[in-house]
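Line by line, the protein sequences give chains X, F and D.
Quick note: the first sequence uses the working numbering, first residue 1, plus one each step.
Quick note: the second sequence uses the working numbering, first residue 275, plus one each step.
Quick note: the third sequence uses the working numbering, first residue 637, plus one each step.
Bear in mind the hints are in silico, worked out from the structure with no lab data behind them.
Any given hint might turn out to be false.
Said to hold, decoys possible - Taking lysine-lysine pairs in the BS3-like style, the calculated list, with each CA pair at most 30 Å apart, reads:
| hint | chain 1 | residue 1 | chain 2 | residue 2 |
| --- | --- | --- | --- | --- |
| 1 | X | LYS91 | D | LYS913 |
| 2 | D | LYS663 | D | LYS692 |
| 3 | X | LYS11 | D | LYS844 |
| 4 | F | LYS447 | F | LYS528 |
| 5 | D | LYS741 | X | LYS11 |
| 6 | D | LYS663 | X | LYS185 |
| 7 | D | LYS663 | D | LYS741 |
| 8 | D | LYS743 | D | LYS844 |
| 9 | F | LYS609 | F | LYS588 |
| 10 | D | LYS844 | F | LYS347 |
| 11 | D | LYS919 | X | LYS270 |
| 12 | X | LYS124 | D | LYS692 |
| 13 | X | LYS11 | F | LYS340 |
| 14 | D | LYS741 | X | LYS270 |
| 15 | X | LYS137 | X | LYS51 |
| 16 | D | LYS663 | X | LYS91 |
| 17 | X | LYS11 | F | LYS376 |
| 18 | D | LYS844 | F | LYS378 |
| 19 | F | LYS378 | X | LYS11 |
| 20 | F | LYS553 | F | LYS600 |
| 21 | D | LYS913 | X | LYS270 |
| 22 | F | LYS390 | F | LYS347 |
| 23 | F | LYS609 | X | LYS11 |
| 24 | F | LYS528 | F | LYS588 |
| 25 | X | LYS270 | D | LYS743 |
| 26 | X | LYS11 | F | LYS347 |
| 27 | D | LYS741 | X | LYS91 |
| 28 | D | LYS743 | X | LYS11 |
| 29 | D | LYS919 | D | LYS844 |
| 30 | X | LYS91 | D | LYS844 |
| 31 | F | LYS376 | D | LYS844 |
| 32 | D | LYS741 | F | LYS332 |
Said to hold, decoys possible - A short list of chain F residues far from chain D (calculated; beta carbon distances all over 12 Å):
| hint | residue |
| --- | --- |
| 33 | GLY302 |
| 34 | HIS356 |
| 35 | ASP367 |
| 36 | VAL369 |
| 37 | PHE371 |
| 38 | HIS399 |
Virtual Cβ for every residue (Gly too), placed ideally from N, Cα, C.
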Amino acid sequence: MSQSQIMPGFKPALGYTLVYLSLVVLIPLSTLIFKSLQLSWEDYLAIITHKRIVASFQVSFGSALVAAAVASFFGLIIAWVLVRYTFAGQKFFDALIDLPFALPTAVAGIVLATIFQPNGFLGKLLLDTFGIQVAFKPLGIVVALIFISIPFVVRTVQPVLQEFDTSMEEAAASMGASRLQIFSKIIFPNLFPALLTGFALSFARGVGEYGSVIFIAGNLPYVSEIVPLLIVTKLEQYDMEGATAIALTMLVISFALLLVINLLQHWVRKRSGQ
Amino acid sequence: MSIVLENISKNFGAFSALDRINLEIPEGELVALLGPSGCGKTTLLRIIAGLERPDAGKVLLSGEDKTDLDVRKRGIGFVFQHYALFRHMTVFDNVAFGLRVKPKSSRPNESVIADKVHALLNLVHLDWLHDRFPDQLSGGQRQRIALARALAVEPNVLLLDEPFGALDASVRKELRLWLRHLHNELNVTTIFVTHDQEEAMEVASQIVVLNRGKIEQKGSPTQIYDEPKNDFVSQFIGHTNVFHLEQDDSAWLKNSGIVLDDTDGITAHVRPHHIGVEKLDGNAASPITLTDWQHLGATIRLELSNEGFNGTAKVIYAEMPSDQFKQSRLKRGDKVSVFIRQAHWFNLEKPHAPEAATNFYL
Amino acid sequence: MIAIPQEISTAKTSVTASALRDPDWLKYGLIAVALSFIFLFLCLPLGLVIFQAFSKGLVAFWEALSQPDTLAAIKLTLLTALITVPLNTVFGIAAAWAITRFEFKGKSFLTTLIDLPFSVSPVISGVIFVLLFGLQGVFGSWLSGHDIKIIFAVPGIILATLFVTFPFVARQLIPLMQEMGHEEEEAALSLGASGWQMFFQITLPNIKWALLYGVLLCNARAMGEFGAVSVVSGHIRGLTNTLPLQVEVSYNDYDVVGAFASASILASLAIVTLVLKTLLEWKQGIR
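The shape of chain X in the complex, shown without the other chains (with noise of 0.2 Å):
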């Protein structure tokens, strides 16, 4: 599309666009980066890697990653399951898969504890038959993100599949292929950019939640405790030396998130030809 000259507006749009960004985001966020600079380089490390910092890491991204793919397991059967089937209220789940994105993170915490608390109606359950405890331990954590990561993977998949040319399966079909054949070698290849980038969408959102997580964490220091928790405890210890290195660490991290998702979603529109 070319662009056109004489559309009114140029102006004030932009300027707007770029005074209001820059009220809004890109100062508060700078400011970020100029307080990390009065840090020097030995002092950053050492409060990165501290014990109880790295442990944080390592729970918040262990869990997303564990959610993360549990969720994209999931999420693809939903995905499949809204679009190729059709059964009585097909609807009414459709519209609840975005739940997760409409519920305040705050509630769905209190929830995600009262139903797996050692005592509430699952988390009784698990721990009588199985003896599991979800609640106050890095299970917890798991299930909260994969709540909250459901309809990324769902709603990223989702599309593709219904835009999924069935052709293609016909095509397969006339040569001789079996099911199992059609949908290992066409349609999950097709499927597959979709779901690795709901794959990292839910990541990047697990490595990130707080509302959600910390009812039912546990918050236990190097074994349940999340990084954005972490920096919410050096803020009203008013350590803000060690809340800013985190916050610029995680901050970096997000970052190369989004980089590599845009890259994903990319590969995603040029896979299904838009």
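Starting from the known structure of chain X, fit chains F and D onto it as the hints suggest.
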């Protein structure tokens, strides 16, 4: 309103879309801007409309410099390629839009607007659709509504971007004639863009042939067809056989009737209907064979193969009226003799893009 | 003679069909897995909020809600949404207009920048404002000298909410307006419409559903944001607690009914959002 373009240039990045275009369009003409895709014809139309600004040059409307005048104040009617009908408005509201957005002081009242809109819808024979929405109309109907909408503001110039491009072949034929008749009725200066030479020949009173941002030729359809200024125009308008003096057998060409003595050109362009074909008896020694023929309606197209050129066969296309073809009793495999009645000579300075050189009977 | 090719063709169709359709056991198995998952992870939590909120009866629920702290939290939540949503809506329209209707340097960078808050942890979104306006922050001493409170006060909550919610409207509008193209707008201009006439009569009617959709999501997040707001609020009861913070405070005080009463309001907000969202998707013809 007359239109004068002086030295119009326009670049998109490193790409030169228009290169010093000079053009005069007198009042009341029906002009086609004709050229292959990417030749700059739509950009030129948008510059005349004021939808685009030229990098250099002037646009004079009725003799006044209007280069920097806003599209809103130029008094043009623009019909977009995909019509750009307002999808959330009825046909009536679409046509009335230009009247309703006038400043309060010059805005007619609703009853005047209603009369005018219905008159315009009657003009395009679609008043019965006035309460429909654009997505309930066929392509041809949308096209006519878009035209009615552009006419509502009583433009001095009507500009149409590929007006028939998105229509079915049969609708296209019908609308072409309709546009020509409508122009005769309204007599407003009209410019349309097309890549279809047949369409330009059929509709326009003047044709401007554009290629790579430059005007190749301007003239009436007859001038353009009968006196092409250069080999590009000759090949773009109608069908042409191209003979190269250096590559092809000049002795054979001479025997076929081409006069070689008083020409300074090196390529000869020969229209298929300027080639006469006669059947020879089976034993005659002729390098030319009728390999295939197609029935095009009133004429028959003959595919001839000439074995005589440097050992490689060259295909020559000829056309003759179908009655004559029946009388001649030609059939596939016949040896024939060929007579060239008329040729245009050109000096090919630089070769054209392959699609221009090979667009023969696609 | 004729029967043989027919037999072959029917055999071939059934083979092809089985390769194109999942077997029933798989189909129902997958539906069962998907629905159990949805039930456990989505239906159950939603049901529990409502159950817990009313577990001690309607009266207890009502009492929990009509506590002054809760009422103040509701008021603050509404105020925050009332300020942030309109600001972000105007921003979204301006940004989408600039990005989809014009070419300029740094456009793709700007587009990426708009997505940024989605990939930043909500806690960090709060921290940056503390670093800017907090006591030890860049403007900290200046602000305290002039007796202006931003952190641990309402302005901080609004700023943090602005940050986390500003992409929503722009993100809905940009792809739609890109796809729409600008022919209709050019047509309006060529017919003599002014810039505002074009915007209100042509652009706005075409984007209104997507705009509402963006506003809806923006509002849901503005009312429900927890992490960013939690960092800047200071949790002062009756003053700087939004509804999600009130949920946390009550829950940590073992006031389960109170926590779930506040939570149930937010859950109803989520349900209303989902219903409206589904309606808007249907209106827009998405999915």
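Handout entry: Violations among the numbered hints
Key = 2, 4, 7, 23, 27, 34, 35, 36, 37
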